Each structure stands twice: as structure tokens, then as C-alpha cells.
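**Q** Work the whole structure out from these sequences, hints included.
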Amino acid sequence: MNLSDVLGSDVVDGAGQRLGEVSDVRFALDAGAGQLLSPARLVGIVVSPRTASSFLGYERQVISQPWPVAQLLRWRHKGSFLVLWEDIAVMGPERVGLRPGFTAYDARLTR
Amino acid sequence: MNKSKPKRFQPQQLHAAPYPAGLVLDAQLHLLDRQILDVDGVPVTTVDDIELSGPEPDEKIPEGSAPPQITALLTGPVLGTRIFGGRPPSSRLIRIPWKAVVGVDTVVSLGVRADSMDASWVERWLRNHVIARIPGGRHEP
Amino acid sequence: MKRLLGVALGILTAIGGFVDIGDLVTNAVVGSRFGMSLAWVVLVGVVGICLFANMSGRVAAVSGRATFEVIRERLGPRAGLANLGASFLINVMTVTAEIGGIALALQLASGVAYILWVPFALLAVWLVVWRVKFSIMENVTGLVGLSLVVFAVALFLLKPDWGALAGQAFSPSVPAQEGAGVYWYYAIALFGAAMTPYEVFFFSSGAVEERWKIKDLAQSRLNVLLGFPLGGFLSLAIAGCAAVVLLPAGISVTSLSQVALPVAQAGGQLALAVLILGVVAATFGAALETTLSSGYTLAQFFGWSWGKFRRPAQAARFHVSMIVVLLAGVAVLATGVDPILVTEYSVVFSAIALPLTYLPILIVANDPQYMGKHVNNRAVNIAGVIYLFIILVASLAAIPLMIATGAGA
Numbered sequence: 001m002n003l004s005d006v007l008g009s010d011v012v013d014g015a016g017q018r019l020g021e022v023s024d025v026r027f028a029l030d031a032g033a034g035q036l037l038s039p040a041r042l043v044g045i046v047v048s049p050r051t052a053s054s055f056l057g058y059e060r061q062v063i064s065q066p067w068p069v070a071q072l073l074r075w076r077h078k079g080s081f082l083v084l085w086e087d088i089a090v091m092g093p094e095r096v097g098l099r100p101g102f103t104a105y106d107a108r109l110t111r
Numbered sequence: 112m113n114k115s116k117p118k119r120f121q122p123q124q125l126h127a128a129p130y131p132a133g134l135v136l137d138a139q140l141h142l143l144d145r146q147i148l149d150v151d152g153v154p155v156t157t158v159d160d161i162e163l164s165g166p167e168p169d170e171k172i173p174e175g176s177a178p179p180q181i182t183a184l185l186t187g188p189v190l191g192t193r194i195f196g197g198r199p200p201s202s203r204l205i206r207i208p209w210k211a212v213v214g215v216d217t218v219v220s221l222g223v224r225a226d227s228m229d230a231s232w233v234e235r236w237l238r239n240h241v242i243a244r245i246p247g248g249r250h251e252p
Numbered sequence: 253m254k255r256l257l258g259v260a261l262g263i264l265t266a267i268g269g270f271v272d273i274g275d276l277v278t279n280a281v282v283g284s285r286f287g288m289s290l291a292w293v294v295l296v297g298v299v300g301i302c303l304f305a306n307m308s309g310r311v312a313a314v315s316g317r318a319t320f321e322v323i324r325e326r327l328g329p330r331a332g333l334a335n336l337g338a339s340f341l342i343n344v345m346t347v348t349a350e351i352g353g354i355a356l357a358l359q360l361a362s363g364v365a366y367i368l369w370v371p372f373a374l375l376a377v378w379l380v381v382w383r384v385k386f387s388i389m390e391n392v393t394g395l396v397g398l399s400l401v402v403f404a405v406a407l408f409l410l411k412p413d414w415g416a417l418a419g420q421a422f423s424p425s426v427p428a429q430e431g432a433g434v435y436w437y438y439a440i441a442l443f444g445a446a447m448t449p450y451e452v453f454f455f456s457s458g459a460v461e462e463r464w465k466i467k468d469l470a471q472s473r474l475n476v477l478l479g480f481p482l483g484g485f486l487s488l489a490i491a492g493c494a495a496v497v498l499l500p501a502g503i504s505v506t507s508l509s510q511v512a513l514p515v516a517q518a519g520g521q522l523a524l525a526v527l528i529l530g531v532v533a534a535t536f537g538a539a540l541e542t543t544l545s546s547g548y549t550l551a552q553f554f555g556w557s558w559g560k561f562r563r564p565a566q567a568a569r570f571h572v573s574m575i576v577v578l579l580a581g582v583a584v585l586a587t588g589v590d591p592i593l594v595t596e597y598s599v600v601f602s603a604i605a606l607p608l609t610y611l612p613i614l615i616v617a618n619d620p621q622y623m624g625k626h627v628n629n630r631a632v633n634i635a636g637v638i639y640l641f642i643i644l645v646a647s648l649a650a651i652p653l654m655i656a657t658g659a660g661a
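Residue numbers (this note's numbering), protein chains in the order written: chain A, 1 to 111; chain B, 112 to 252; chain C, 253 to 661.
FYI, nobody ran anything at the bench for these hints, they're computed from the structure.
Quick caveat: nothing in here was measured; it's all calculated off a predicted structure.
Every residue, glycine too, gets a C-beta built ideally from N, C-alpha and C.
Hints may contain errors.
To be verified - Pair by pair, the computed Cβ-Cβ distance ranges are:
1) A:Gln17 / C:Leu341: 26 to 34 Å
2) B:Glu251 / C:Gly624: 28 to 36 Å
3) B:Arg203 / C:Ser504: 54 to 62 Å
4) C:Leu341 / B:Gly214: 34 to 42 Å
5) B:Asp169 / A:Glu86: 13 to 21 Å
Stated by the list, open to error - Examples of chain B residues lying across from chain C (beta carbon under 10 Å, computed):
6) Tyr130
7) His141
8) Asp144
9) Gln146
10) Val153
11) Thr186
12) Leu190
13) Val223
14) Ala225
15) Asp229
16) Arg238
17) Val241
18) Ala243
19) Gly247
20) His250
**A** Set out below in C-alpha cells:
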């Protein structure tokens with residue numbers, strides 16, 4: 001499966017209700033050294049309620065300059081949340097389905 | 112419930128995300144569309160798409176299954192399909208295996224030489240068949 | 253002493269390199285129709301290009317990443333491709349205009365028809381792109397381009413009514429015989445001529461070519477802050493000459509001879525010769541910059557290896573694409589289109605394409621992952637957002653005005 005199949009897909013919950021679109025996919029490199037760099041494990045997907053076009057990721061980083069560009073883009077992605085791999089039921093090319101009772105996590109990067 | 116206008120989902124409470132131990136990368140933010148440089152710092156191509164080890168599309172994911180991993184960075188015709196839609200057949204994808212990646216920063220750094228990879232075949236072809244035929248093509252600047 | 257020479261060289265090159273065929277033609281046209289009442293646009297444009305060049309140069313020096321890499325990475329491939337398409341088309345238009353400009357200047361000097369000079373200009377431009385070192389190329393064309401200061405000299409020799417010129421400049425108003433629509437259309441054209449995107453692509457890629465590091469930032473800031481305004485002053489001198497000689501006589505600018513007329517009138521054959529030398533150098537330099545810019549934008553978008561610091565064999569796609577661009581430019585000229593007309597359109601289209609180029613630079617200049625501690629300070633950000641607004645307004649107003657005024661007729 002390629003990433004471009006998943007990015008921008010609709011995200012639906014267990015009942016089929018549309019929650020938003022996949023605006024990004026999060027990976028972690030924490031499995032210990034492979035040959036040169038650790039393998040990249042899929043941690044989860046970032047769901048944005050309005051639109052998938054992440055546009056610079058202001059909503060997840062602490063950059064707040066320049067005003068008002070940062071604030072406008074952050075507002076556009078208000079309500080974004082992270083869903084972990086464990087809560088994904090189906091990752092089809094048309095839509096991503098979540099398991100019932102999934103947990104919505106804060107998508108902000110603390111780096 | 113009023114079904115005429117879909118209600119936008121507002122998560123009631125956002126939990127703090129579990130913080131993985133290593134480097135955390137968001138594909139669109141940190142990986143896609145970045146330049147790929149080889150071990151000598153020579154640009155090879157850009158990250159046009161990313162290939163994952165799973166899951167099978169449209170198939171239910173069994174509970175407790177291991178998360179997929181990045182197998183390769185993709186380039187080539189996949190840029191056109193990423194912009195306009197669709198997907199090129201697997202044989203047309205130019206792959207740079209994840210194992211060749213040394214670091215991810217403002218660029219993606221590889222541990223191998225550009226010339227050793229499929230990804231640089233256009234550059235090599237033009238070098239051998241066009242540039243080398245023009246006098247001065249191989250001279251130091 | 254050597255450092256002082258280096259600093260002087262940088263500034264002089266920036267002045268001489270500022271003016272290209274777009275500035276020459278647009279300022280002359282504006283001077284011949286509006287006098288000095290659009291002088292404020294040159295000021296706004298110069299401040300803008302200083303801001304813009306400074307930011308993109310800083311990004312390139314600190315992060316090693318040139319402008320178009322940043323554009324694709326920030327905007328994503330779709331918007332990045334749209335930007336590439338627009339910028340590339342404008343670049344090709346500008347290459348066409350500049351090569352036409354070289355040929356027109358040589359025609360002015362020799363009397364030989366300009367179309368015969370075009371292949372010669374093409375070959376000369378390509379040879380320099382192929383073999384000449386980047387810094388030598390920049391320094392020679394920049395220094396010889398300084399001959400354009402003959403416009404300022406000519407303006408003094410013409411003994412104009414300084415009070416009247418200053419009056420037009422400081423209390424701008426739409427002249428009686430022109431309409432407000434045409435006034436603002438030319439304001440946008442002049443703005444686009446001062447803030448050409450290719451200038452920024454070239455400046456930031458040049459920073460990578462010359463391996464600028466953080467310690468070179470002070471020098472580059474000096475070059476920009478002294479060089480570009482003085483270059484803007486040259487633009488004003490061109491407009492002033494046209495305002496003094498062409499405007500009262502109602503002469504409109506349709507070819508380089510009208511642009512040169514005030515100088516010939518003021519200083520005779522000698523001044524004309526210096527002018528032609530300056531025009532050839534300035535347009536030749538600009539042809540080099542736009543050709544390289546076309547190569548830079550394509551290579552940086554697609555991730556090819558690029559740069560004159562590499563052997564052509566090590567940057568094959570880069571060099572092949574520039575050869576294609578040059579041939580395309582000459583093909584356009586071979587259709588007989590008037591290079592002056594191409595120039596007039598290219599500056600307006602430049603103004604239209606500015607926002608997509610400018611926004612990513614402003615964003616990345618604030619990103620600590622790229623810039624470390626060299627992110628924009630508050631003053632630069634305030635100026636940046638103000639200019640973002642100005643650029644957006646100019647970009648959105650350009651096409652309606654073009655249609656409404658028939659491209660400034």
C-alpha cells in the first residue's frame with residue numbers, strides 16, 4: 001500500500017459516520033538500529049475534520065509566526081486528532097474505517 | 112437525530128498521545144516532497160510517495176496485528192498519479208529502500224551513492240548520451 | 253583592503269545586475285506616459301525585493317536549501333507544480349525577452365537586423381552557462397552593467413526642471429491624458445519588473461552555488477541593502493529621462509531607440525555607445541540569470557542535481573533543460589514576435605505569480621527546523637506580512653486591469 005492511497009481518504013467511525021479526512025500519517029523510529037536507520041513503524045493517522053490539505057502543519061507545531069498566517073492555518077485545522085494503529089479497522093483506498101470505541105488523541109508534536 | 116446536515120465530529124476530550132521513544136515523523140510534514148541526497152550530498156530525486164509493508168486495502172485488520180512499516184521511498188511516475196489521482200503499476204515504481212536511508216532532517220540522506228540506484232537512471236542516460244557528446248561536458252567547472 | 257574590494261565588488265555587481273530589459277522598457281514606457289508619478293512604485297518594489305532576497309538568501313545560507321525546494325516541500329506537489337508551471341512559463345518568456353533585448357541592443361549599435369543577432373546571442377549565452385564560473389559570470393556582467401549609470405548622467409545633462417519632476421514624484425496623480433485604470437495597470441507592471449520571481453530563485457540558488465554560510469550573511473545583507481536601492485535609483489533615472497524628453501514630445505516607447513533617445517540627446521554618440529554597452533551587459537546578465545533560473549526551478553522541484561559548481565556531466569538533467577529553454581526562447585523569437593511586447597507582458601505575469609513564490613519563503617524563514625536560531629525577527633515578519641498583502645492585491649488586480657485597459661493601451 002502506498003501512502004498516497006491513504007492521504008486524503010475519508011475517515012469513518014464504526015457506525016459509518018464521517019469524521020474527517022486523513023491529513024497525515026505518523027511514524028516512529030524506535031525499533032532499534034536496522035542497518036543504517038531504525039525501521040519506521042506506523043504509529044497512527046492524523047484526522048482533520050475539515051480538509052486533508054495539511055498545509056505546513058501549523059496545527060501540530062509550536063511555530064506561531066508569522067501572524068496572522070499561523071493563526072489562520074491553525075484555525076483551519078481545529079479539531080484535528082490522532083488515531084493509533086490499534087484503533088484502525090480497515091485501511092482501504094477509498095476510506096479508512098475506525099474501530100468502535102476508538103480513542104482520539106492530541107495530534108500535537110511535542111518536539 | 113437530524114440527518115439532513117451531517118454533524119461535524121468533535122472529539123469530546125483529547126487524550127495526551129503516547130510518546131514513542133525514538134524520532135517521530137509525520138509523513139506529509141517531514142518526509143514527503145523532501146529532497147533525497149546521496150552519501151556525497153548529491154541530489155538524487157524527491158520523495159514523491161512512500162511504500163508501506165501493509166495492510167491489504169479494503170481488508171479488515173485483525174486485532175493486535177503488528178503495525179506496517181515503511182519499506183521504500185518512491186519516485187518517478189508516482190508524482191503524476193499523486194497529483195492527479197490513480198496509481199502506477201508496481202513495476203513502474205522506482206524504489207529507494209528504507210534500509211538505504213541514514214537520516215531525516217530538512218533533507219533525507221542516504222548511505223549509498225546516487226549512481227548505484229535505479230532512481231538515477233535518467234541522469235545517467237542523459238549524461239552518457241547527451242552531455243558527454245557536447246565538448247566540455249566532463250570538464251571541471 | 254582585500255575585504256573592502258570584495259564588499260565593493262558585491263555592491264557594484266548588485267547595482268549593475270539590478271536592471272534588466274523589463275526594468276528598461278517598463279520604466280521608459282512609464283516615464284513617457286506618466287512622468288514621475290509612478291516613482292513611488294519603484295520604491296515599494298525595491299523595498300520588497302530587498303526583503304524577499306534577504307529572506308531567501310538567509311534560508312539558503314543557513315539551511316542549504318534553495319527557494320524552489322522549499323516551495324515544493326511547503327506547498328505540496330499540486331500547488332508546487334502549479335507554481336512551477338507558472339514560474340517556468342514566465343521564465344521562458346523572460347529568457348525570450350532578454351535574448352531579444354541583447355539582439356536589439358546589438359542592432360542599435362550596428363544597424364544589422366536584430367533577428368540576425370539572435371543566434372549569436374543564443375550561442376554566447378549558452379557558452380557562458382556551460383563553461384564560465386559562476387562568480388566570474390556575475391562579476392563581469394554586473395560591473396559592465398554599471399555603464400547604465402549613463403542614464404543618471406544624461407538626466408543631469410538634460411537640465412530638467414527638478415522641481416516639476418519632484419512634484420510629480422512626491423504628489424503622484426493620474427495625468428490628464430491617461431485613465432486611472434491604465435495608471436494602476438502600469439503600477440502593477442512596474443512592481444512586477446522590480447520584484448521579478450526569477451531574481452529570487454537566482455539569488456537563493458546563487459547562495460548555494462557560492463556556498464554561503466552564516467558568516468557570509470552580513471556581506472549579503474550589505475550587497476542587498478546598498479546595491480538594490482541604488483539599482484532602483486537607476487530605474488528612476490531611466491524613467492526621468494523618458495519623462496523629460498519623451499513625455500513632452502508625446503513619443504511613445506515601442507523600441508529600444510526611444511529608450512536611448514534621451515541619452516543620445518544629452519550626451520551624443522559617446523553616451524549612446526556607453527548606453528549600448530550597458531544594455532548589452534545588463535540584458536546578457538539577465539539572460540544568464542533567467543536561463544539558470546529555469547534550470548534551478550525545474551531541478552529543485554524534481555530533485556535533480558544542479559549547479560554550475562558541478563561538472564555538466566554531474567548535472568545532466570539541469571543542463572539539458574536549460575538548452576531546451578534557450579532553444580524554446582529562440583523559437584519564439586523566430587516567429588517574429590516583438591521582444592518589447594514580450595517584455596511588457598512578462599513583467600505583468602511576474603506580478604501575478606509572486607504570491608505562490610513568496611508565501612513559502614516567508615513561512616520557512618520562520619521554521620526553526622530550517623533556520624535554527626536565524627528565524628525572522630518581529631520587524632521582518634511585520635514587513636513580510638504587509639508585503640504579502642500588497643503582493644496578493646497586485647496579483648489579483650492584474651488580470652482584470654489587463655482586460656479592462658487592453659493591456660495598457
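**Q** Each hint needs a verdict: does it hold in this structure or not?
**A** Verification of the supplied hints:
1. One distance hint, 26 to 34 Å for the beta-carbon pair Gln17 of chain A and Leu341 of chain C, is violated here, with the actual separation near 45 Å.
2. Take Glu251 of chain B and Gly624 of chain C: their Cβ atoms lie about 33 Å apart, and the range 28 to 36 Å holds.
3. One distance hint, 54 to 62 Å for the beta-carbon pair Arg203 of chain B and Ser504 of chain C, holds here, with the actual separation near 56 Å.
4. Judged by the Cβ atoms, the range 34 to 42 Å given for Leu341 of chain C and Gly214 of chain B holds: they are separated by roughly 36 Å.
5. With their beta carbons about 19 Å apart, Asp169 of chain B and Glu86 of chain A fall inside the hinted range of 13 to 21 Å.
6. Given hint, Tyr130 of chain B at the interface with chain C, is violated; its Cβ is 19 Å from that chain's nearest Cβ, farther than 10 Å.
7. A least Cβ separation of about 9 Å between His141 of chain B and chain C falls short of the 10 Å threshold, and the interface hint therefore holds.
8. Hint on Asp144 of chain B holds. Least Cβ distance to chain C is approximately 5 Å, under the 10 Å limit.
9. Because the closest C-beta pair between Gln146 of chain B and chain C is about 5 Å apart, less than 10 Å, the hint holds.
10. Evaluation of the Val153 of chain B hint against chain C yields a held restraint, the C-beta minimum of about 5 Å falling below 10 Å.
11. Interface restraint check: Thr186 of chain B against chain C, minimum CB-CB distance 7 Å, threshold 10 Å, status holds.
12. Checking Leu190 of chain B against chain C by beta carbon gives a least distance of about 6 Å; that is within 10 Å, so the hint holds.
13. The restraint placing Val223 of chain B at the interface with chain C is violated, with a minimum CB-CB distance near 15 Å, outside the 10 Å limit.
14. The closest approach between the C-beta of Ala225 of chain B and any C-beta of chain C is roughly 8 Å, which is under the 10 Å cut-off, so the hint is satisfied.
15. Annotation: interface hint on Asp229 of chain B violated; nearest CB of chain C at approximately 14 Å, more than 10 Å.
16. Checking Arg238 of chain B against chain C by beta carbon gives a least distance of about 4 Å; that is within 10 Å, so the hint holds.
17. Annotation: Val241 of chain B was flagged as interfacial toward chain C, and the flag holds, the nearest CB pair being 6 Å apart, inside 10 Å.
18. Annotation: interface hint on Ala243 of chain B holds; nearest CB of chain C at approximately 6 Å, less than 10 Å.
19. The criterion of a C-beta within 10 Å of any C-beta in chain C is met by Gly247 of chain B, whose closest approach is roughly 6 Å, and the hint holds.
20. Interface restraint check for His250 of chain B: the shortest CB-CB distance to chain C comes to about 7 Å, inside 10 Å, so the restraint holds.
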